[in-house]
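A.B. asks: As given, the protein sequences belong to chains A and B, one line each in that order. The first sequence begins at 230 in our numbering and counts up one residue at a time. The second sequence begins at 354 in our numbering and counts up one residue at a time.
In case anyone wonders, no lab produced these hints; they're calculated from the structure.
Below, a sample of chain A positions facing chain B; criterion: calculated Cβ distance under 8 Å: (1) 239; (2) 241; (3) 243; (4) 244; (5) 246; (6) 248; (7) 251; (8) 253; (9) 269; (10) 272.
All values derive from a computational prediction rather than experimental measurement. Glycine included, every Cβ here is placed at the ideal spot set by N, Cα and C.
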Amino acid sequence: MKDDKNIDSLLRRTAHQMDKEIEVEEPSLAYFTDLVQKETEAWYKRLWIELALLWLTAAVCFSVLAVSVVYAPLVFIGIQLLSVIVLFGYFFKESSRTVAWRS
Amino acid sequence: MDSNDIQLAKHGDQQLLAKRLKENYSFLVKYVWKMSGDEQLAYDVTQETLVKAIQKISQYKGKSSFSSWLIQIATHTYLDIKRKQKRALTYEQSEAARLKREEMTGSMPAEWYDVQQALLQLDDQYRIPIVLKHYYGYDYEEIAQMTKAKTGTVKSRVHYGLKQLRKELGDHEG
Chain A
230 MKDDKNIDSL LRRTAHQMDK EIEVEEPSLA YFTDLVQKET EAWYKRLWIE LALLWLTAAV
290 CFSVLAVSVV YAPLVFIGIQ LLSVIVLFGY FFKESSRTVA WRS
Chain B
354 MDSNDIQLAK HGDQQLLAKR LKENYSFLVK YVWKMSGDEQ LAYDVTQETL VKAIQKISQY
414 KGKSSFSSWL IQIATHTYLD IKRKQKRALT YEQSEAARLK REEMTGSMPA EWYDVQQALL
474 QLDDQYRIPI VLKHYYGYDY EEIAQMTKAK TGTVKSRVHY GLKQLRKELG DHEG
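Can you make the complete structure from the sequences, with help from the hints?
C.D. replies: Written as structure tokens, this is what we have:
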């Protein structure tokens, strides 16, 4: 049992013995035909849903892109204005605190 | 399965595909049963393998035999199920699985019982290549393809697994 040939033949004999011992309950051909039909249908259904979602995502992305191209200057000016307001607010707040300390 | 059959099955001959799956059903159940030592798991994995094979038949290139391709899917399905089970398995459940394995090999003659028991003690990564190599006679490259590992890795796993097996069987004998 120590060398490779022995263990190989022992494993093969075990496999052969197990093949004889194991009794498999095999379903009829109708079961397999039904399974193939159902799974194929389910597969195509899933594929259609995935494709539809993909097209939907693409449409949303294109819409967002189109809107952002048209309104890009407005968005840019809006962000600039917001930054200026925040900066001025911060400046006035800090300067008033500094004056308060001085006094 | 000859190449003409493959083409027909790939192009939607459902009857032919069903026939081929039926022909390989017992072979698949026995493979997973021998690999896992668990009857129920063998049927579950086989069922999932059939579903995957139906869904992926267009991806079958015909480089290996149809049964080898099914074994490849079954091996990956088995490993996935084991990975999921490992996360959820309690001590009681793993003990129950162990007892089930012992029950399966209990009716076998002592020598083969020892071999199967020793084999089931090994980790999946060592047991699967040994089963494929020594039970089914696949070569290292085929096993590497089936288990998505490198040929060298498969060789070393088989070597280490056999070493462990010999040790285990030596302990039984002693």
